[in-house]
Amino acid sequence: MDLIAVVDTMFARVDMGAFAIDELQKSERFELDFTIKRVTVPGFKDLAVECKRLIEFYNAKVALALGMPGKAEIDQVCAHEASQGIMMAQLLTNTHILEVFVHENEVKTDAELIKLVENRVRRHAKNAYDMLYNPKVLIDNAGKGIRQGFDDAGPATTE
Amino acid sequence: MDLIAVVDTMFARVDMGAFAIDELQKSERFELDFTIKRVTVPGFKDLAVECKRLIEFYNAKVALALGMPGKAEIDQVCAHEASQGIMMAQLLTNTHILEVFVHENEVKTDAELIKLVENRVRRHAKNAYDMLYNPKVLIDNAGKGIRQGFDDAGPATTE
Amino acid sequence: MDLIAVVDTMFARVDMGAFAIDELQKSERFELDFTIKRVTVPGFKDLAVECKRLIEFYNAKVALALGMPGKAEIDQVCAHEASQGIMMAQLLTNTHILEVFVHENEVKTDAELIKLVENRVRRHAKNAYDMLYNPKVLIDNAGKGIRQGFDDAGPATTE
Amino acid sequence: MDLIAVVDTMFARVDMGAFAIDELQKSERFELDFTIKRVTVPGFKDLAVECKRLIEFYNAKVALALGMPGKAEIDQVCAHEASQGIMMAQLLTNTHILEVFVHENEVKTDAELIKLVENRVRRHAKNAYDMLYNPKVLIDNAGKGIRQGFDDAGPATTE
Amino acid sequence: MDLIAVVDTMFARVDMGAFAIDELQKSERFELDFTIKRVTVPGFKDLAVECKRLIEFYNAKVALALGMPGKAEIDQVCAHEASQGIMMAQLLTNTHILEVFVHENEVKTDAELIKLVENRVRRHAKNAYDMLYNPKVLIDNAGKGIRQGFDDAGPATTE
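Chains as they are written, first to last, in this note's numbering: chain A, 1 to 159; chain B, 1 to 159; chain C, 1 to 159; chain D, 1 to 159; chain E, 1 to 159.
Careful: at least some of the hints might be erroneous.
Heads up, the list lumps identical chains together, so a pair's fine if it works in one copy or across two of them.
[As the list claims (entries may be wrong)] Restricting the straight-line Cα-Cα distance to at most 30 Å, the calculated cross-link-like pairs of lysine-lysine (DSSO-like) are:
(1) K108 with K61
(2) K26 with K71
(3) K37 with K108
(4) K71 with K61
(5) K26 with K61
(6) K136 with K71
(7) K26 with K115
Hints are computed from structural coordinates only; laboratory data are not their basis.
Every value quoted in this text rests on a predicted model; they were computed, and no experiment measured them.
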């Protein structure tokens with residue numbers, strides 16, 4: 001049985017992990033081919049090492065690192081550090097960790113924030129699943145301007 | 001017996017380690033399940049390697065890295081370097097190191113500084129404890145907008 | 001039989017991998033001395049670990065990491081993180097990974113974007129091939145101001 | 001016999017290594033418990049690997065990395081890279097390397113520069129010594145606002 | 001017989017490797033104590049891994065990484081990434097790699113560019129040689145404000 005790791009934070013203002021778990025549980029392979037382990041850490045700078053722990057101690061095949069940088073300028077620096085950590089954790093484990101960050105300043109209201117989080121988390125949960133079980137879906141969408149959270153940009157056209 | 005590492009600096013203008021130790025000693029598990037080792041280093045760029053030493057040479061299970069970047073612009077660059085070091089130390093040891101930084105320019109007076117330090121250090125000492133012994137407390141607070149030092153931001157609501 | 005890895009993204013707005021594969025297939029050594037493995041990942045921050053996986057699990061001798069940072073400011077930070085990951089993946093594998101990034105804001109129209117992508121990808125696919133099979137071609141062009149995507153800058157002259 | 005490494009540069013405009021050696025030689029433990037090895041490198045980006053070499057090939061117990069970033073903007077970026085290297089060298093060796101940088105633009109005259117260098121280098125040489133032989137001195141000064149080079153900031157007070 | 005690695009790029013607008021090789025060949029130890037291996041890569045972000053390959057696969061004792069960042073703003077970010085890679089390659093190999101970068105915007109004309117490149121490359125080739133065979137020359141010049149490319153800054157004086 002494969003394991004998919006879901007790691008989120010107390011710092012975020014939306015329950016990001018719940019959306020990821022809900023999306024993954026919809027798959028017909030859930031509890032047949034894979035199960036889920038969720039851990040919550042204080043803030044997004046704690047995500048990288050927790051993902052690495054789940055990969056190396058629990059043998060997770062892929063991880064979702066869910067975080068929500070705040071509005072302050074210092075939060076942007078911290079997000080950069082968190083991202084570098086996630087990058088390094090991937091390279092040290094040869095395992096994909098999908099970084100799913102929603103910056104609080106991407107939207108204006110709480111309602112928009114919740115909607116954005118749900119869309120981005122669900123689509124990346126689907127990506128994690130496809131990377132494990134349907135890699136051809138990704139090749140079929142190469143260069144298609146696919147985005148998570150907002151509308152897809154779509155492919156460049158000469159028309 | 002587990003070990004919790006507490007590392008702080010001579011550079012900081014408040015005795016950060018003392019608050020962390022006091023908070024941890026309040027726990028009923030203190031000296032039953034865990035003990036504490038404290039080391040002080042010159043500045044916050046020395047925190048990362050000292051935490052790694054305590055993890056690898058003394059088998060610390062979790063570490064608190066306590067630092068206070070000053071007001072100068074160069075201090076912000078140094079804080080970034082210190083944070084990157086703490087991130088790398090975590091990934092090389094598969095161990096959480098909670099970075100507890102209080103930037104001197106977050107508040108205006110010494111009295112506010114002391115109060116902010118005490119709150120942030122105590123709450124992160126509690127987080128370190130929970131990560132070791134009560135991980136469910138963290139999951140229960142996922143997405144709740146929990147902050148250390150100032151008031152919690154709270155969860156996003158559609159109301 | 002050597003393997004050349006081609007990794008691109010769903011995020012890009014042009015099918016970058018297709019140009020790389022087409023260029024490599026034109027070589028007379030194709031399917032004699034080398035073959036190609038292509039993987040598509042969600043975004044350019046997923047390129048580094050996928051290249052490393054193809055090098056370490058499939059023994060790829062060189063990799064092309066194809067990405068297209070978007071126009072937003074945050075995309076520039078992400079591109080920097082993606083580049084640092086590609087750098088680290090190279091150093092951990094002792095293998096060249098040619099980073100082929102086309103920033104969407106380098107040109108104004110979709111037609112120019114497609115043309116720029118095609119030129120830069122094809123020329124770097126040729127570079128990857130030369131690094132494996134014709135290293136002398138590169139020495140012969142040392143200091144010649146060679147660029148990919150736009151016109152060559154050419155060598156400095158005293159005339 | 002322990003070894004303390006002193007590494008400085010030809011780029012600096014003051015003989016930083018000489019102050020460090022002079023300060024360390026004043027100790028009563030000099031040539032009883034420890035000796036000194038000095039190496040000079042071209043610039044401050046060469047410090048990190050030289051410190052690592054002295055730690056790994058000569059078994060140095062602590063190192064002083066002495067550098068002087070110039071006034072140009074590019075020097076600030078180089079200083080950042082040099083610092084990241086020193087951070088990484090520490091983490092890869094589990095050994096403290098005290099980074100002692102004096103930015104040429106911290107003062108206005110050559111006379112002030114020499115004075116600043118001497119104070120900062122001597123105090124950090126003392127720190128290196130204390131970290132090896134008197135760690136309690138550092139704990140006793142935790143949170144005291146200790147600085148090297150200029151006056152101490154002193155502890156925050158509510159008075 | 002020792003090996004000195006010389007790595008340069010097709011991107012540069014001056015044949016940097018040729019100056020390095022010419023300078024090294026003037027030494028009386030050339031082909032007695034050391035020989036030279038040159039590799040050319042596409043751009044300066046490819047230098048780090050190539051230097052590491054020459055150190056680990058060919059046993060190079062020191063390397064010269066020769067690059068020429070262009071005038072565009074993005075080139076400065078790339079130069080930073082290239083430098084971080086060279087730093088990391090040094091730390092992973094315990095071997096000095098002298099980074100010799102000439103930024104195209106340091107001078108105004110092609111003639112000045114060629115002159116600057118020649119001076120900086122030759123002086124760093126000499127440094128590489130001294131680090132291997134005459135380390136005392138470097139100690140004798142500690143703190144002397146030595147620069148490569150332009151005039152030396154000279155030591156600070158109280159006169």
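Cross-check of the supplied hints:
1. Taking identical chains as interchangeable, the C-alpha atoms of K108 and K61 are never at most 30 Å apart, the minima being 36 Å within one chain and 40 Å between chains.
2. Taking the closest pair of Cα atoms, K26 and K71 never come within 30 Å of each other, the shortest separation being 33 Å inside a single copy and 34 Å across copies.
3. With identical chains, the CA atoms of K37 and K108 are never at most 30 Å apart, being 32 Å at best within one copy and 43 Å at best between copies.
4. Within a single copy, K71 and K61 get their C-alpha atoms no closer than 33 Å, and across copies no closer than 32 Å, so neither meets the 30 Å cut-off.
5. In the homo-oligomer, the alpha carbons of K26 and K61 lie at most 30 Å apart inside one protomer (18 Å), although the nearest pairing across protomers, at 36 Å, exceeds that limit.
6. For the identical chains of this complex, K136 and K71 are inter-copy neighbours only, at 28 Å across copies versus 38 Å inside a copy, given an alpha-carbon limit of 30 Å.
7. Proximity of K26 and K115 under a CA criterion of 30 Å is satisfied intra-copy only: 19 Å inside one chain copy versus 41 Å between copies.
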